[in-house]
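Colleague: For the protein sequence lines, the chains are A and B, in the order given. In case it helps, my numbering puts the first sequence at residues 4 to 335. In case it helps, my numbering puts the second sequence at residues 4 to 335.
Simulated from the structure, these hints should not be mistaken for laboratory data. Keep in mind that the hints are not guaranteed to be accurate.
One side of the interface only, derived from the structure: several residues of chain A facing chain B at Cβ under 7 Å [stated by the list, open to error]: (1) V50; (2) I54; (3) N57; (4) V106; (5) L110; (6) S132; (7) G136.
Which bits of chain B does chain A cover? Going by a derived footprint, with three or more residues having C-beta under 8 Å, they are [stated by the list, open to error]: (8) 13-21; (9) 121-133.
Computed from a predicted structure; not experimentally measured. Think of the CB as a built atom: it goes at the ideal place given N, C-alpha and C, for glycine as much as any other residue.
Protein chains: 2
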Amino acid sequence: MRSNSFPIVDALQYSNWSETVFCQMNEGGVAAVHVTICYHEDFREMVENIIAWNRLFEAYPDLIIPGRSGDDVRRAHAEGSTAIFFGFQNCSPIEDDIGLVEVCRQLGACFMQLSYNNQSLLATGCYESEDPGITRMGRQVIREMNRVGLVVDMSHSAERSTLEAIEISERPIAITHANPHAWHPALRNKSDTVLKALAESGGMLGFSIYPHHLKDGSACTLDEFCAMVARTAEVMGVGQIGFGSDLCQNQPDSVVAWMRNGTWTRDTDYGEGTISAPGFPDQPSWFCDNRDFPRIIDGLRRVGFTGDDVARIAGGNWLDFFDRSFPGSGAP
Amino acid sequence: MRSNSFPIVDALQYSNWSETVFCQMNEGGVAAVHVTICYHEDFREMVENIIAWNRLFEAYPDLIIPGRSGDDVRRAHAEGSTAIFFGFQNCSPIEDDIGLVEVCRQLGACFMQLSYNNQSLLATGCYESEDPGITRMGRQVIREMNRVGLVVDMSHSAERSTLEAIEISERPIAITHANPHAWHPALRNKSDTVLKALAESGGMLGFSIYPHHLKDGSACTLDEFCAMVARTAEVMGVGQIGFGSDLCQNQPDSVVAWMRNGTWTRDTDYGEGTISAPGFPDQPSWFCDNRDFPRIIDGLRRVGFTGDDVARIAGGNWLDFFDRSFPGSGAP
Numbered sequence: 004m005r006s007n008s009f010p011i012v013d014a015l016q017y018s019n020w021s022e023t024v025f026c027q028m029n030e031g032g033v034a035a036v037h038v039t040i041c042y043h044e045d046f047r048e049m050v051e052n053i054i055a056w057n058r059l060f061e062a063y064p065d066l067i068i069p070g071r072s073g074d075d076v077r078r079a080h081a082e083g084s085t086a087i088f089f090g091f092q093n094c095s096p097i098e099d100d101i102g103l104v105e106v107c108r109q110l111g112a113c114f115m116q117l118s119y120n121n122q123s124l125l126a127t128g129c130y131e132s133e134d135p136g137i138t139r140m141g142r143q144v145i146r147e148m149n150r151v152g153l154v155v156d157m158s159h160s161a162e163r164s165t166l167e168a169i170e171i172s173e174r175p176i177a178i179t180h181a182n183p184h185a186w187h188p189a190l191r192n193k194s195d196t197v198l199k200a201l202a203e204s205g206g207m208l209g210f211s212i213y214p215h216h217l218k219d220g221s222a223c224t225l226d227e228f229c230a231m232v233a234r235t236a237e238v239m240g241v242g243q244i245g246f247g248s249d250l251c252q253n254q255p256d257s258v259v260a261w262m263r264n265g266t267w268t269r270d271t272d273y274g275e276g277t278i279s280a281p282g283f284p285d286q287p288s289w290f291c292d293n294r295d296f297p298r299i300i301d302g303l304r305r306v307g308f309t310g311d312d313v314a315r316i317a318g319g320n321w322l323d324f325f326d327r328s329f330p331g332s333g334a335p
Numbered sequence: 004m005r006s007n008s009f010p011i012v013d014a015l016q017y018s019n020w021s022e023t024v025f026c027q028m029n030e031g032g033v034a035a036v037h038v039t040i041c042y043h044e045d046f047r048e049m050v051e052n053i054i055a056w057n058r059l060f061e062a063y064p065d066l067i068i069p070g071r072s073g074d075d076v077r078r079a080h081a082e083g084s085t086a087i088f089f090g091f092q093n094c095s096p097i098e099d100d101i102g103l104v105e106v107c108r109q110l111g112a113c114f115m116q117l118s119y120n121n122q123s124l125l126a127t128g129c130y131e132s133e134d135p136g137i138t139r140m141g142r143q144v145i146r147e148m149n150r151v152g153l154v155v156d157m158s159h160s161a162e163r164s165t166l167e168a169i170e171i172s173e174r175p176i177a178i179t180h181a182n183p184h185a186w187h188p189a190l191r192n193k194s195d196t197v198l199k200a201l202a203e204s205g206g207m208l209g210f211s212i213y214p215h216h217l218k219d220g221s222a223c224t225l226d227e228f229c230a231m232v233a234r235t236a237e238v239m240g241v242g243q244i245g246f247g248s249d250l251c252q253n254q255p256d257s258v259v260a261w262m263r264n265g266t267w268t269r270d271t272d273y274g275e276g277t278i279s280a281p282g283f284p285d286q287p288s289w290f291c292d293n294r295d296f297p298r299i300i301d302g303l304r305r306v307g308f309t310g311d312d313v314a315r316i317a318g319g320n321w322l323d324f325f326d327r328s329f330p331g332s333g334a335p
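Working from the sequences, and respecting the hints, build out all of it.
Modeller: See the structure below:
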């Protein structure tokens with residue numbers, strides 16, 4: 004049993020997984036993490052990532068368990084372990100085959116972004132100059148994702164595509180890791196129009212702590228971050244927000260270069276970085292790894308959230324969302 | 004609820020699946036069928052076959068349900084539907100990647116043959132002239148199959164490989180579809196040495212009704228077949244035998260040519276057929292489709308099996324084997 008009475012949930016991490024990272028999750032009281040198992044991988048390559056996770060589950064059964072439903076979060080919280088939920092940051096694992104949506108769900112995928120930064124077969128990414136909205140295949144895939152219980156995630160998608168996904172999806176969608184554009188106008192952050200539509204449809208926003216998504220970047224203070232959370236609660240309601248730290252711990256800079264460039268370009272795309280600063284930015288001093296979540300929770304209390312609200316933001320809202328999105332064991 | 008009080012289980016079919024075939028399963032009182040979803044397919048191709056089955060489960064929810072455990076057989080029997088258990092007739096879906104064993108299990112595979120007719124990466128097929136036994140990778144894969152609950156099936160494997168698989172496997176294995184070699188000396192039928200070792204280890208034999216495995220082929224009579232079952236019960240015990248009809252209903256002859264030749268030869272291999280009779284043989288008159296199982300059950304009564312023994316042979320033994328092999332939901 005953890006010292007924190009409520010479960011902490013982080014809706015996005017892509018760390019260089021290790022026993023050390025899992026122990027830090029445990030120490031930080033983190034009961035569930037949505038981990039990325041695809042950026043650019045096709046189906047077969049993504050399956051190799053599942054195999055790697057299967058080996059981790061086998062090696063560290065006391066630290067991590069496969070996450071398929073809200074009950075797994077409650078079990079992990081009670082046992083002092085962390086439930087690992089799989090997600091894709093791109094739709095590449097389903098290739099051009101709608102039948103793979105259900106197969107990916109059967110293999111434990113819980114979230115899928117309809118696009119990463121570029122145009123995909125389904126939707127437009129936030130780095131494209133034009134956003135024609137959800138494609139013909141995109142509409143079919145959203146319906147199939149709704150049917151099998153795979154959550155639509157629009158974290159990296161462009162404005163119109165995101166608004167259309169919210170409207171087309173019959174289940175609430177998620178923006179697992181982004182912040183309000185009004186606070187920090189990064190391409191990856193979201194307009195109030197998107198945030199309001201997301202909240203009204205029962206969807207969830209996970210606040211990113213990736214420096215490029217923060218006002219003042221790595222120098223952003225904890226109090227500024229928590230004040231932003233408070234303002235977003237006024238826009239979206241306190242029931243529709245949580246964490247989505249985008250923590251990429253212990254990754255070499257080659258990984259962020261691969262995230263941005265995959266195999267789609269012969270040039271070098273620096274994404275949110277620059278030619279002079281192409282690597283991962285430094286984490287803000289108040290969030291270096293999973294052990295710092297209690298520090299953020301203290302910050303939320305300081306900006307005036309009640310104890311109940313803090314518990315909802317720290318994990319309760321995501322847990323409700325998981326219960327609504329992944330009924331039962333999650334297995335078809 | 005079915006008219007037959009006990010569930011009928013058939014441990015091998017590869018028909019041209021259709022509503023008609025599923026209705027015939029229902030009419031025949033068949034509560035579970037082990038269906039082949041791979042002969043020569045690699046992992047990705049096998050996944051397409053799972054997708055095709057997902058569509059069938061969606062289209063005919065009153066006729067078929069996914070089979071993962073003995074409870075699914077009992078549920079199907081109570082509801083009057085048929086639980087469909089997936090199996091591979093070859094190890095090609097795991098390619099050369101031991102991690103795919105668990106992934107295939109996660110996707111619902113319940114049985115895997117270590118080889119089809121030829122040498123595989125794991126074991127030797129019954130058509131090879133030399134049988135060096137279980138390979139280095141084969142030993143590793145058997146251990147992994149034991150760990151994740153994927154049943155070793157040696158129906159098409161050669162003698163030494165089969166005996167070694169029985170010995171190496173820590174869980175009972177199956178020969179899902181074959182008959183005693185002493186009754187009909189086909190390459191695919193099994194020696195008494197194999198049958199005794201199989202029974203002593205708690206394994207199961209499913210009796211084939213594929214004409215090339217029957218004495219007198221398509222002309223084999225029901226009484227001859229049932230007398231063979233009775234003699235095998237004396238060799239193996241009445242608790243280790245069941246059905247494994249190898250029914251390939253409504254398949255064009257191109258399918259049996261593909262089973263035999265896959266992509267491994269530039270010649271034409273006729274397998275159990277001949278150049279003058281290369282296609283599927285005619286079924287014996289007493290077993291054309293699933294509606295004929297009650298006729299076989301009557302035949303078993305006629306050769307002197309008690310009502311309890313008939314119920315065990317018709318399904319109870321396989322159900323016990325499923326309960327031992329696939330505890331819980333089968334999902335890891």
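Colleague: All hints are to be evaluated individually against the structure, with a verdict given for each.
Modeller: Cross-check of the supplied hints:
Because the beta carbon of V50 (chain A) sits about 6 Å from the nearest beta carbon in chain B, less than 7 Å, this interface hint is met. Interface restraint check for I54 (chain A): the shortest CB-CB distance to chain B comes to about 3 Å, inside 7 Å, so the restraint holds. Among the interface hints, the one on N57 (chain A) holds; its C-beta lies about 5 Å from the nearest C-beta in chain B, closer than the 7 Å criterion. Given the 7 Å rule on beta carbons, the hint for V106 (chain A) holds: about 6 Å separates it from the nearest Cβ of chain B.
A distance limit of 7 Å between C-beta atoms decides the matter here; for L110 (chain A) the minimum to chain B is near 6 Å, and the interface restraint holds. Hint status for S132 (chain A): violated, given a least beta-carbon distance of 35 Å to chain B, over 7 Å. Taking 7 Å as the C-beta cut-off, the interface hint given for G136 (chain A) is violated, the closest approach to chain B being about 27 Å. A count of 0 residues in the region 13-21 of chain B with a Cβ less than 8 Å from any Cβ of chain A is obtained; the coverage claim is therefore unmet, three being the minimum.
Coverage of the region 121-133 of chain B by chain A is violated. Counting CB-CB distances below 8 Å, 0 residues qualify, and the rule asks for three or more.
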